[in-house]
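J.: Residues per chain, in single letters:
There are 2 protein chains.
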Amino acid sequence: MDLLEEINKRGSMVDGAIQNLMPIGDPDELYRAMRYLFDAGGKRLRPAALFLSTEAVGGNPQDVIPAATTVELVHNFTLIHDDIMDEDNLRRGIPAVHVKWGLSGAILAGDTLYSKSFHILSQTKTDAARMVECMVMMSITCIEICEGQWTDISFEKRNDVSEAEYMEMVEKKTAILYAASCKMGAVLGGGTPGEAQALWDFGRLTGVGFQIYDDVLDLITPEDVLGKVRGSDLMEGKQTLIVIHARENNVELDVFGKREATREEIDDALKKLEDSGSIDYALATARKYVVDGKEKLDVLPESEAKDILLALADYMIERKF
Amino acid sequence: MDLLEEINKRGSMVDGAIQNLMPIGDPDELYRAMRYLFDAGGKRLRPAALFLSTEAVGGNPQDVIPAATTVELVHNFTLIHDDIMDEDNLRRGIPAVHVKWGLSGAILAGDTLYSKSFHILSQTKTDAARMVECMVMMSITCIEICEGQWTDISFEKRNDVSEAEYMEMVEKKTAILYAASCKMGAVLGGGTPGEAQALWDFGRLTGVGFQIYDDVLDLITPEDVLGKVRGSDLMEGKQTLIVIHARENNVELDVFGKREATREEIDDALKKLEDSGSIDYALATARKYVVDGKEKLDVLPESEAKDILLALADYMIERKF
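Same order as they appear, the protein sequences are chains A and B.
Going by the working numbering, the first sequence runs without a break in its numbering and finishes at 321.
Going by the working numbering, the second sequence runs without a break in its numbering and finishes at 321.
Some hints could be false.
No copy labels: a pair is met if it fits in one copy or bridges any two.
As the list claims (entries may be wrong) - Straight line, CA to CA, 25 Å or less: simulated DMTMM-like cross-link-like pairs of lysine to aspartate or glutamate:
| hint | residue 1 | residue 2 |
| --- | --- | --- |
| 1 | K100 | D88 |
| 2 | K9 | E302 |
| 3 | K100 | E87 |
| 4 | K100 | E236 |
| 5 | K125 | D86 |
| 6 | K100 | E144 |
Hints in this document: simulated from the structure, not taken from any laboratory.
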C-alpha cells in the first residue's frame, strides 16, 4: 500500500467537491478569503481520517464527502484566527489571510468559514438523529479547540507550565479535531457506538502524537519545506513538550520568546535541545501516543481502510513536514 | 398591555437560564469574557421575539428557553467581533471585550460563544428533524450576518453606495437574526410552514426598520443613554440611509469619516441632516418597513402573543435607545 497515494485519493474527493459545496459567492472577495488556505493546499489528513473511518465501519465514502470537507474547513477557520493571534504572517509558504485581507477581513473570513462548515455538514446524506449528533460533536469540538488556544496563549505569560497542563492543552487544541473527524466518519458510516468510541480514541491519541511531532518539526525542518519561519514556536515563547523538558533539565534557552532571533541563535538552541535529550523525549512521547492509539483499533474488523488508518497513525510522527 | 413588562418577563427567562446553560467553565477567564456582554444587559429583543413566535403558533415558551438563549448569544458573538473591526471601545456603557481581554481574547471569546450557541441550541426539546432545521437556519443566518458585515466595511471605502445596496446590507447584517429568531420560535412551537414563513418575513421587515431607526438613534441620543459616543457612525464614515439621502441631496458633511470630530461638529452635522429632511426620510422608511412587517402577521390567529409582537414591532422604531 502506498499511504500517500491513499491519502491523496481521498483528499482529491474533497478538492473535487469544494467548488460545488463552497463556490465563490457574494461578496466575492470574502469568499476568496475563505477559500484561500483551502486552495493553497494542505495534506487533507482530517478528511482522510474521516473517509477511512467511514470505510472501516462498512460505510460508503461517497456519502460523507460534505462531512469530510467540513473538518478541513473547520481546520482552515482555526488556522486563520490562530495566525492573527500568534502574529504568524506566513502559512503554507504564502502570506497569511490577515496579511492579505487585513484584520477585519481575516476575522470575518474565519467566522463565515466556520458558519459555512455547519451548513456544508448538513448536506451529508444521513438521518436527522445522526446529523444532530454530528453537529453537536462539531460544536463541542470547536469549543474545546478555543479553550485549548486560550490556554496556549496564557502559557506564553508563564514559565512553570507542567507536562500535564501541556498535554491537556494539546488534546484540546489539536487532537480533538482528529478525534471528531474519526468519530464522525464512524457515526455517518453506520458504525456501532463501540466502534465510534474506538475511532474517537484513536483520533485523539494519534492527534496528540501529531502535535508533539509538529512541535519537533517546527525546530528541525528547513524553511522552504516548512512554509514558515523555522523555530517560530521558540521565538514566540510557545510552551512545547521540548521546552518543558529542557526547563525541567535546567537547559538555558536565550532565544526563548525572542522574536528577533537570528538563524544562528535558533541553530544553537537546537543543538542544546538535542544534547539535553529534550527532542528525543518529545519524539518518544509522540511515539507512545501513536502506539496507544493504534491499539484502540483492535475492536475493528480487518479491512483495507483499517490498515491505511494504522499506516496513517505512523505517518503522523514520521512525516517530513 | 405593558410592552416592556412583557419583554422583560421573557428576557428574565433567558437570564434565569444562562447560569445552567453556560456556567463559568475552564479556563474561567475565557468564560468570563464570553458572559461579559450578556451579563452587562441588553434588551433581550431577539429572545422575546423567539418566545412570542412560539406562543403565537400555540407552543410552550418553557420548551424553547435554550433556543431563545442561543439567539442572544449569537448576537453577543457578533457584537464582540464587530467591536474589534469597527474599533468601538465602548459597548453598553462599559469597555468592549477587546479592550478588557485584548485582541486575541476577544477573537476567542467570540469564536467560543458562537460554538457554544450551537451546543445550547441542541438542548431545546424538539424532534431531530426540527433541530436540524434550526441548526441549518442558524448557520445560514450567521453566514449572511458575516456577508453583511463584510459589505458594511467595504462601504467605508466608497462614497457612491446606493439605497438598494444599503438596504441589502442591513437585511443581512441585522434583520436576518430577527427573522431567524421569529421563524425558529415558530418551527419549535409546532407552527405550520405558512406561519413560520410569515414570522420570518415579520422579523426580517421589522428588523430592517430596527436598524434604520438604530442609525437615527446613534445621531440623536445623549451619550449617557446610548452607552457609546454619539455620532460614532458618522465619524467612522459608516454608510447609513441618512448619509445616503444627504449625499443624494448634496448636503456637505465635513464630519463624515473624521474620527476626531468634536461634539460641536456632530451637532452641526445633525442640524444639516435635519434641515435636508434626511433624518425624516430614514424615519419614514423605517416606519414603512414596520407597517409591512406587521401585515405579515395577518395569517396568524388572534392571541395575546400576536398582540405583543405587533406592539414590539412598533417599539422597534419608537424606543428611546
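J.: Look at each hint and say if it fits the structure.
T.: Right, here's what the structure says about each hint:
1. K100 <-> D88: Intra 12 Å, inter 23 Å, cutoff 25 Å: intra and inter.
2. K9 <-> E302: within (21 Å within a copy, 59 Å between copies)
3. K100 <-> E87: both (13 Å within a copy, 20 Å between copies)
4. K100 <-> E236: both (22 Å within a copy, 23 Å between copies)
5. K125 <-> D86: Cα proximity of K125 and D86: none, with 37 Å in one copy and 40 Å across.
6. K100 <-> E144: between (28 Å within a copy, 22 Å between copies)
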